[in-house]
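Residue numbers (the numbering used here), protein chains in the order written: chain A, 1 to 264; chain B, 265 to 606.
Certain hints may be false.
Said to hold, decoys possible - A few chain B positions that, by computed beta-carbon distances, are all more than 12 angstroms from chain A: (1) Leu278; (2) Val295; (3) Leu500; (4) Pro574.
Unchecked claim - 30 angstroms max Cα-Cα, derived BS3-like pairs, lysine-lysine: (5) A:Lys239 to A:Lys23; (6) A:Lys75 to B:Lys505; (7) A:Lys100 to B:Lys272; (8) A:Lys87 to B:Lys272; (9) B:Lys311 to A:Lys145; (10) A:Lys23 to B:Lys505; (11) B:Lys601 to A:Lys100; (12) B:Lys272 to A:Lys25; (13) A:Lys135 to A:Lys100; (14) B:Lys505 to A:Lys71; (15) A:Lys6 to A:Lys190; (16) A:Lys145 to A:Lys71; (17) B:Lys601 to A:Lys146; (18) A:Lys146 to A:Lys71; (19) A:Lys146 to B:Lys550; (20) A:Lys22 to B:Lys550; (21) B:Lys272 to A:Lys146; (22) B:Lys505 to A:Lys135; (23) A:Lys145 to B:Lys550.
Keep in mind the hints are simulated off the structure, nothing from the lab.
Here the structure is a predicted model, which is why all the values come from computation and not from measurement.
Built from N, CA and C at the ideal position, the CB exists for glycine as well.
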Amino acid sequence: MTTKPKHIILNTTDLAIGYTSKKSKSIVASNINIELHRGELVGLVGANGIGKSTLLRTLTTLQNPLGGSIKLNNKTLSNYSAIELAKTMSLVLTEQIVSKNLSVFELIALGRQPYTNWIGNMQAEDISMVNQALKLANIYDIRYKKCFELSDGQLQKVMIARALAQDTDLIILDEPTTHLDMYHKAYILKLLQKLVKETNKTILFSSHEIDLAIQLCDKMVVMVKDNVEADQPCNLITKGVFQSLFPKDLIDFDSNTGSFRVKK
Amino acid sequence: MPNKSTYKLAFTVLIILLLFCFFANISLGSVSISNSELLNILLGTSKNNSLHQIVFNYRLPKAFTAIIVGSGLGVSGLMMQTLFRNPLAGPFVLGITSGASLGVALIIMGSAAFGGILVGSLVTKWGIVIAASLGSFLVLLSVLVVSSRVRDTMAILIIGLMFGSITTAIVSVLSFFSSAEELQQYIFWGFGSLGNLSWEEVFILFIIYFFGILLSLSSIKALNTLLLGENYARSLGLHIKRSRLVIIVATSLLAGTITAFTGPIAFIGLAIPHMTRQIFNTSNHKLLLPAVFIFGAIIMLICDSIAQLPTSDYTLPINVITSLIGAPVVIWLLVRKRKMVF
Numbered sequence: 001m002t003t004k005p006k007h008i009i010l011n012t013t014d015l016a017i018g019y020t021s022k023k024s025k026s027i028v029a030s031n032i033n034i035e036l037h038r039g040e041l042v043g044l045v046g047a048n049g050i051g052k053s054t055l056l057r058t059l060t061t062l063q064n065p066l067g068g069s070i071k072l073n074n075k076t077l078s079n080y081s082a083i084e085l086a087k088t089m090s091l092v093l094t095e096q097i098v099s100k101n102l103s104v105f106e107l108i109a110l111g112r113q114p115y116t117n118w119i120g121n122m123q124a125e126d127i128s129m130v131n132q133a134l135k136l137a138n139i140y141d142i143r144y145k146k147c148f149e150l151s152d153g154q155l156q157k158v159m160i161a162r163a164l165a166q167d168t169d170l171i172i173l174d175e176p177t178t179h180l181d182m183y184h185k186a187y188i189l190k191l192l193q194k195l196v197k198e199t200n201k202t203i204l205f206s207s208h209e210i211d212l213a214i215q216l217c218d219k220m221v222v223m224v225k226d227n228v229e230a231d232q233p234c235n236l237i238t239k240g241v242f243q244s245l246f247p248k249d250l251i252d253f254d255s256n257t258g259s260f261r262v263k264k
Numbered sequence: 265m266p267n268k269s270t271y272k273l274a275f276t277v278l279i280i281l282l283l284f285c286f287f288a289n290i291s292l293g294s295v296s297i298s299n300s301e302l303l304n305i306l307l308g309t310s311k312n313n314s315l316h317q318i319v320f321n322y323r324l325p326k327a328f329t330a331i332i333v334g335s336g337l338g339v340s341g342l343m344m345q346t347l348f349r350n351p352l353a354g355p356f357v358l359g360i361t362s363g364a365s366l367g368v369a370l371i372i373m374g375s376a377a378f379g380g381i382l383v384g385s386l387v388t389k390w391g392i393v394i395a396a397s398l399g400s401f402l403v404l405l406s407v408l409v410v411s412s413r414v415r416d417t418m419a420i421l422i423i424g425l426m427f428g429s430i431t432t433a434i435v436s437v438l439s440f441f442s443s444a445e446e447l448q449q450y451i452f453w454g455f456g457s458l459g460n461l462s463w464e465e466v467f468i469l470f471i472i473y474f475f476g477i478l479l480s481l482s483s484i485k486a487l488n489t490l491l492l493g494e495n496y497a498r499s500l501g502l503h504i505k506r507s508r509l510v511i512i513v514a515t516s517l518l519a520g521t522i523t524a525f526t527g528p529i530a531f532i533g534l535a536i537p538h539m540t541r542q543i544f545n546t547s548n549h550k551l552l553l554p555a556v557f558i559f560g561a562i563i564m565l566i567c568d569s570i571a572q573l574p575t576s577d578y579t580l581p582i583n584v585i586t587s588l589i590g591a592p593v594v595i596w597l598l599v600r601k602r603k604m605v606f
């Protein structure tokens, strides 16, 4: 536990998220107050349909907040220009990339786009950033492979390296562990933990791997009905937040082991 | 890993091939011109005035037109395929050809429908060029207006196809009421032709084409970013709507003007990017776009040389050749590599 004041990367105040149509607003979640500091690994968990994606879409400016404010590095999110934002926040999405005919190196190099000139020429600094990202993500030896030759686990590492190369304070990942086997789920989350330690970036990811997140995250944002809690995992367990995460008829949270059990 | 020097070599080979095809194209035709004679003509030291006339007033403008058409359609096809993330897209998915066809159909066959001698008198070369330009411009404008209201790029593709259907239907109505002679004239325009352009027309074509190429060069970075998908592109700071507009305007300048001057040249815009991807095996537009540019010019010169049926007096429609040559080459490339590079 450090006592010195931490630099706040992202904070939301009374944020309300949801969708607007011509006739009405449908609020998915409101009163969201979260604060992410530099060098934190933050897991966002919640049941399906509770609004995790809506929250991430709002934080990444894909949709507008319905109320409250979001500040990134102490500046209101909507005041960022596209390029400024690209230099402060990078994304790893669940969607497939369009062309898998890019080599790993080329794909990660695209992460340098906010910094390159009109035609995208790489300077020495850009190349060294790409190489650094390749090494951090342990994929330096597959850098000349084409993306279609990669396994899902490798591809996810490549996408994470691309976000690293973008050199932003905050990296947001949308369900980075879907489609992966148990080992690779742990591997990817462990990698994120290592990256936070080594680069002092802030990483926010949504996941359904609650057990793993409890073990690895510095902080967790738990979305339950009508409430969003953000705290250290052990505090959340003490508060009993995880018990209210799912309907209680099938599974139950065991505070001692920090994991869910199927009811017998 | 293919490194920079292999690409340099490939580009050198392509440029040499382009020069070779250019000279072969000029020397071939109904009258065969020997290499030494050709050199004399080009240097202005030839005494044969009629050959000089043929080369300077017919074959050279035709060869330049072929280069403009091949490179312009290839580049616009590449841009459309990347923008729409669709290997079946070509320069004409936005309804440019159908718009041009409508314009031309209106002035060739519209006289029957509107009963005016006035309309009939417009059937000159410039009349057709202007009608085709106006037609494609209007259809494109409609597509742009409608598509500015949609967020999804795929919707633009469908909207373009729908506008294409509407114009095709109108052309069908016109053809139904027109005379056999008018119908023939319209169909002949649809065959496409590279050889009808004077130096003046080549010059005007070139200026607009030049701006189209400049715009597409300025889109290289955006095109590469779009390879990741639109959401990633946006997260990298790309203004999707603005880049989309620039790419669409570049395509319409290139494909629209080319179609106005030469008629709808089929297939090149769709096939050249595929051929180039198979050969270069890259999706990086910094390499792909110049490669498509040169490759398109080469293929068009070759197609035109064949269409001339050297030493005979006949000339086949260029559209026949582009498809006859192009389709088997694409099939062969796909079968040989067993998978599509996109």
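Checked hints:
no. : hint                 : in the structure
1   : Leu278               : 20 angstroms, holds
2   : Val295               : 45 angstroms, holds
3   : Leu500               : 5 angstroms, violated
4   : Pro574               : 38 angstroms, holds
5   : A:Lys239 to A:Lys23  : 39 angstroms, violated
6   : A:Lys75 to B:Lys505  : 25 angstroms, holds
7   : A:Lys100 to B:Lys272 : 24 angstroms, holds
8   : A:Lys87 to B:Lys272  : 33 angstroms, violated
9   : B:Lys311 to A:Lys145 : 60 angstroms, violated
10  : A:Lys23 to B:Lys505  : 26 angstroms, holds
11  : B:Lys601 to A:Lys100 : 16 angstroms, holds
12  : B:Lys272 to A:Lys25  : 57 angstroms, violated
13  : A:Lys135 to A:Lys100 : 21 angstroms, holds
14  : B:Lys505 to A:Lys71  : 26 angstroms, holds
15  : A:Lys6 to A:Lys190   : 23 angstroms, holds
16  : A:Lys145 to A:Lys71  : 39 angstroms, violated
17  : B:Lys601 to A:Lys146 : 15 angstroms, holds
18  : A:Lys146 to A:Lys71  : 38 angstroms, violated
19  : A:Lys146 to B:Lys550 : 17 angstroms, holds
20  : A:Lys22 to B:Lys550  : 43 angstroms, violated
21  : B:Lys272 to A:Lys146 : 21 angstroms, holds
22  : B:Lys505 to A:Lys135 : 35 angstroms, violated
23  : A:Lys145 to B:Lys550 : 19 angstroms, holds
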